[in-house]
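Enquirer: Those protein sequences? They're chains R and V, same order as listed. Per the numbering used here, the first sequence starts with residue 1, numbered consecutively. Per the numbering used here, the second sequence starts with residue 1001, numbered consecutively.
These are computed hints drawn from the structure, not numbers from a lab. Note that the structure is predicted; figures quoted are calculated from it, not measured. Among the hints, erroneous ones may be present.
Claimed, not checked - Now the stretches of chain R that chain V is said to cover, found in silico as 3 or more residues with beta-carbon under 8 Å:
| # | segment |
| --- | --- |
| 1 | 49-56 |
| 2 | 89-96 |
Claimed, not checked - Okay, derived cross-link-like pairs now, SDA-like style, lysine to any residue, Cα gap no bigger than 20 Å in a straight line:
| # | chain 1 | residue 1 | chain 2 | residue 2 |
| --- | --- | --- | --- | --- |
| 3 | V | K1090 | R | I148 |
| 4 | V | K1090 | R | K184 |
| 5 | V | K1090 | R | Y49 |
| 6 | V | K1090 | R | E47 |
| 7 | V | K1090 | R | P112 |
| 8 | R | K271 | V | H1313 |
| 9 | R | K90 | V | D1212 |
| 10 | R | K90 | V | P1053 |
| 11 | V | K1271 | R | V273 |
| 12 | R | K90 | V | S1021 |
| 13 | R | K90 | V | L1325 |
| 14 | R | K90 | V | A1043 |
| 15 | V | K1090 | R | A20 |
| 16 | R | K271 | V | L1325 |
| 17 | R | K90 | V | L1048 |
| 18 | R | K90 | V | Y1049 |
| 19 | R | K90 | V | D1046 |
| 20 | R | K90 | V | E1042 |
| 21 | R | K90 | V | P1112 |
| 22 | R | K271 | V | Y1049 |
| 23 | R | K169 | R | D142 |
| 24 | V | K1271 | R | R203 |
| 25 | R | K184 | R | I148 |
| 26 | R | K169 | R | R203 |
| 27 | R | K90 | V | A1050 |
| 28 | V | K1090 | R | E319 |
Note that the Cβ used here is the ideal one computed from N, Cα and C, for glycine as well.
Number of protein chains: 2
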Amino acid sequence: MTEPRYDVIAIGNAVVDVIASCQEELIDELELNRGGMTLIDEARADELYAAMPPAREVSGGSAANTLAGLSTLGLQCAFIGQVADDQLGKVFRHDMRATGIDFDPPARESEPATGRVLIFVTPDGERTMNTFLGAGQYLPADALDEDIIRSGAILYLEGYLWDPEEPRKAMRRAIEVAREAGRKIAFTASESFVIDRHGDDFRQMIEDGVIDILFVNEHELATLTGESDFEDGVAAVAGKVPVLVATRSEKGAIAIANGERAEVSAEPIDKVVDTTGAGDQFAAGFLSGHARGESLATCLKRGAIAAAEVISHYGPRPEADMQALMQEKLG
Amino acid sequence: MTEPRYDVIAIGNAVVDVIASCQEELIDELELNRGGMTLIDEARADELYAAMPPAREVSGGSAANTLAGLSTLGLQCAFIGQVADDQLGKVFRHDMRATGIDFDPPARESEPATGRVLIFVTPDGERTMNTFLGAGQYLPADALDEDIIRSGAILYLEGYLWDPEEPRKAMRRAIEVAREAGRKIAFTASESFVIDRHGDDFRQMIEDGVIDILFVNEHELATLTGESDFEDGVAAVAGKVPVLVATRSEKGAIAIANGERAEVSAEPIDKVVDTTGAGDQFAAGFLSGHARGESLATCLKRGAIAAAEVISHYGPRPEADMQALMQEKLG
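I would like the entire structure built from these sequences, with the hints used as guidance.
Expert: Here you go:
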C-alpha cells in the first residue's frame, strides 16, 4: 500500500447554488418542502426560478462543499463529479480549482445543463433546496479515474448521489476500488428523504462494514435506524462503524469511535443567516481534525466551528480564513 | 405631454458581477488598476478568472444597480440593455424582473457571451473591476423601444456605456427621444478614465443643457472640470446643470439645485465589506427622494443610507428591506 497522495477524494453532485432570501409565505405558495431537499426537473426549475426573488449564484454540492472546507483547512483534495460544457459548469470548475482542489473530469458535451439548486432562505435562516441534478446525474462509472481514487486516504461520498442511477453505480465501483487499495470510506447520509428511498442500501453497507466514518444528523439517524429516540439510534449504529458522527443542529453533536464517546455544543453565533452547508462544513471540520490525528473531542469542536462560520453568511462554503479561525478558537 | 408611466428608465451595461475577495498582492501580481474599472477582452477575462479566488456571481451593471435600488425603494422602472442568449443572460434578466423592473429587450443570439465584471475586493473593501462588456457592447440604437423612453419621467444613463460605439449612438438617440417628450435626463459620469476618453462629449452635453441631474464623485469632477480643488470643480459645473450631486466617499456628499446647496455626512457603518455599487446606490437613494419631491438634504441623506447599506455586504445591489431601512433612519 503506497502512501496516499491526497487526504480526501470526494464524489458528489456538481451544482451551482442559486440562493435567494424570501418570506415564509412564498414557501407555502410554491408548495416547497420546507427545510428539505427536493429533486426537480428542468421545467419545475424554470417555474420556481421565475417565482424566485433576486438571487446570488455560488458553487455548491454537498461533498464538493465539504471538500472546499477541507482544502481551505489545508488538506490535499480531489473531486469527481460531472458538469456540462456551459457557463455554470465553468463557474463550478473555477471555484473548485481556485479553492486548491484537483478537479479534472471533462465537461459533458450534450444536454442537460450543469445542475443547479434553487435555495429559498427564510428569515429564520432555514434553507429549502430544490435540486435539478443536470449533467451530474449522468456521471458514468467509466468516468472515474481509479488511480485518483486509490491515491486518497479517505474516499468521501454523499447520499444525495444515490438517487440517479449512473452515479450510484459509479460510487459502488469507487468503493470497491478504494477498499481494495486499503483506503477508508466516509459517507454522509445527506437527508432523511434520501434514506427513505435508499435506506436498504445504506443499512447493508453499514452491516457489511463498508463505511469507516458515518455522518448523520438526528433526523437521518432516526430514519436510518427506525429509532425515534436519539440515544437508541446511536446505540443501533455505533458498534457497526468505526467512527460515527451525529449532529443535532443547535443542540451540538456527538461522536463515537472505537467505544470512546465525545460531545460538543454548538458554537454560539450572532445570527443564523443561511443554514446551507452547515452539515457539509461540520463534516469538513471534523475530517480535518481526524486527518491530523486530533482527539475525538477536538475533531467535533473543529466541526462545530466550521458549521458556525458557514451559517453566519449566505452560501455553503467558508468565507473566513478558516485556518486562522481554528487557531483563534482552539489556541 | 402625457403622464409618465415609469419613474425612471435606465440604459446601461447588462453584466453579471463575479466577486472574489483577495489579498493586496494579487492586485499587483495581475497588474490590475486598483480601485478602477478596466475594459478587458474575453481572453484577458479568461486569464484573470483563472487567477481569481473562489467567487460569487450576482447581477451588476451601474445603471442596472441603480434601477434595482430604485425599484426596491418603490419606484416604477424599466431597463434597456443587451444580454446574450446564455445562462448568465438568464441570470441577469431574472434578477432584474424579480426586483420588479420591466426588462424586455430580446437576448442577442450570436457571440459574444453576456458581459461580466471580474471584481477583486481587497481587505479594505475596495473593489477593482475588470469588465468584459460582451453582448452589451452591441446594443443597437434600433433596439430602443422609444415608447418606453417617452414613458419615463427620468431617463438615467451611465457614462460606462459611452465606451462601445453602438450603445453610445443608442444613448444619443435616447436622449433626443426623451427630451422631445419633455423628460429629464440623469447622467452618471461613472469613472475618471471614462471621462479621460469621452470628457469632451460629456462637457458638451453639460454646456448644451442636455443633463438635468448629474452624478459625479470628486475624482470624476476633477477630471471633468480640470479643477483639482473640489469647490472649484463644483463652482465650474453647478450653474450648468439644474441638479448636481457630488459624492466624496467617507467625506459624504453635496448637492446643488437651482442655487440651493445641501451637504450630508457618510452614514457610519461597522465595516466596509465591498464598495461595489456605492455610487450606484447613492444615486438610487437620491433619485428616490427626488421623485418624491423631498428636500435636497433628505435626498442626500437617502443616498447616504443606500450607499452605506450596499458597502456593508458583497454585491452591488441592496439586500436589506430598503423601505423599512429608510423609514427607520429618517423617521
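Enquirer: Compare the structure with each hint and give your call.
Expert: Okay, the hints, checked on the actual structure:
Chain V is given as covering the segment 49-56 of chain R, and this holds because 7 residues of the stretch bring a CB closer than 8 Å to a CB of that chain, at least three being needed. Chain V is given as covering the segment 89-96 of chain R, and this holds because 3 residues of the stretch bring a CB closer than 8 Å to a CB of that chain, at least three being needed. For the hint pairing V:K1090 with R:I148, the CA-to-CA distance comes to about 36 Å; that exceeds 20 Å, so the pair is violated. Only pairs whose Cα atoms come within 20 Å are accepted, and V:K1090 paired with R:K184 is rejected, the gap being roughly 42 Å.
Between the alpha carbons of V:K1090 and R:Y49 the distance comes to roughly 10 Å, so the proposed pair stays at or under 20 Å and holds. Pair hint V:K1090 plus R:E47 holds up; C-alpha atoms about 13 Å apart against a cutoff of 20 Å. Between V:K1090 and R:P112 the CA atoms are separated by roughly 16 Å; this keeps the pair inside 20 Å, and the hint holds. Distance check on the hinted pair: R:K271 and V:H1313 sit about 15 Å apart at the alpha-carbon level, within 20 Å; holds.
For the given pair, R:K90 sits about 43 Å from V:D1212 by alpha-carbon distance, which is inconsistent with the 20 Å threshold. Between R:K90 and V:P1053 the alpha-carbon distance is near 14 Å, which keeps this suggested pair within the 20 Å criterion. Between V:K1271 and R:V273 the CA atoms are separated by roughly 18 Å; this keeps the pair inside 20 Å, and the hint holds. For the hint pairing R:K90 with V:S1021, the CA-to-CA distance comes to about 19 Å; that is within 20 Å, so the pair holds.
For the proposed pair R:K90 and V:L1325, the alpha carbon gap of about 37 Å is over 20 Å, so the pair is violated. Restraint check for R:K90 and V:A1043: the C-alpha separation of about 15 Å stays at or below 20 Å, so the hint holds. Proposed proximity of V:K1090 and R:A20 is supported: the alpha carbons are some 15 Å apart, at most 20 Å. A hinted pair counts as satisfied when its Cα atoms are at most 20 Å apart, and R:K271 with V:L1325 qualifies at roughly 19 Å.
In summary, the hint linking R:K90 to V:L1048 is supported, as the alpha carbons are separated by about 14 Å, within the 20 Å threshold. At roughly 10 Å between alpha-carbon atoms, R:K90 and V:Y1049 fall within 20 Å of each other, so this suggested pair holds. Among the hinted pairs, R:K90 with V:D1046 is consistent with the structure: their alpha-carbon atoms are about 11 Å apart, no more than 20 Å. Taking the CA atoms of R:K90 and V:E1042, the gap is near 14 Å; set against the 20 Å cutoff, the hint holds.
This hinted pair checks out: R:K90 and V:P1112 have alpha carbons roughly 16 Å apart, not beyond 20 Å. For the given pair, R:K271 sits about 32 Å from V:Y1049 by alpha-carbon distance, which is inconsistent with the 20 Å threshold. Only pairs whose Cα atoms come within 20 Å are accepted, and R:K169 paired with R:D142 is accepted, the gap being roughly 10 Å. A C-alpha spacing of about 49 Å is found between V:K1271 and R:R203, which places the hinted pair above 20 Å, so the restraint is violated.
Distance check on the hinted pair: R:K184 and R:I148 sit about 14 Å apart at the alpha-carbon level, within 20 Å; holds. Of the pairs offered as hints, the one joining R:K169 and R:R203 holds, with about 17 Å between alpha carbons and a cut-off of 20 Å not exceeded. Proposed proximity of R:K90 and V:A1050 is supported: the alpha carbons are some 10 Å apart, at most 20 Å. A distance of roughly 26 Å separates the Cα atoms of V:K1090 and R:E319; the hinted pair therefore is violated under the 20 Å criterion.
Hint compliance for this structure: hints 3, 4, 9, 13, 22, 24 and 28 are not met, and every other hint is.
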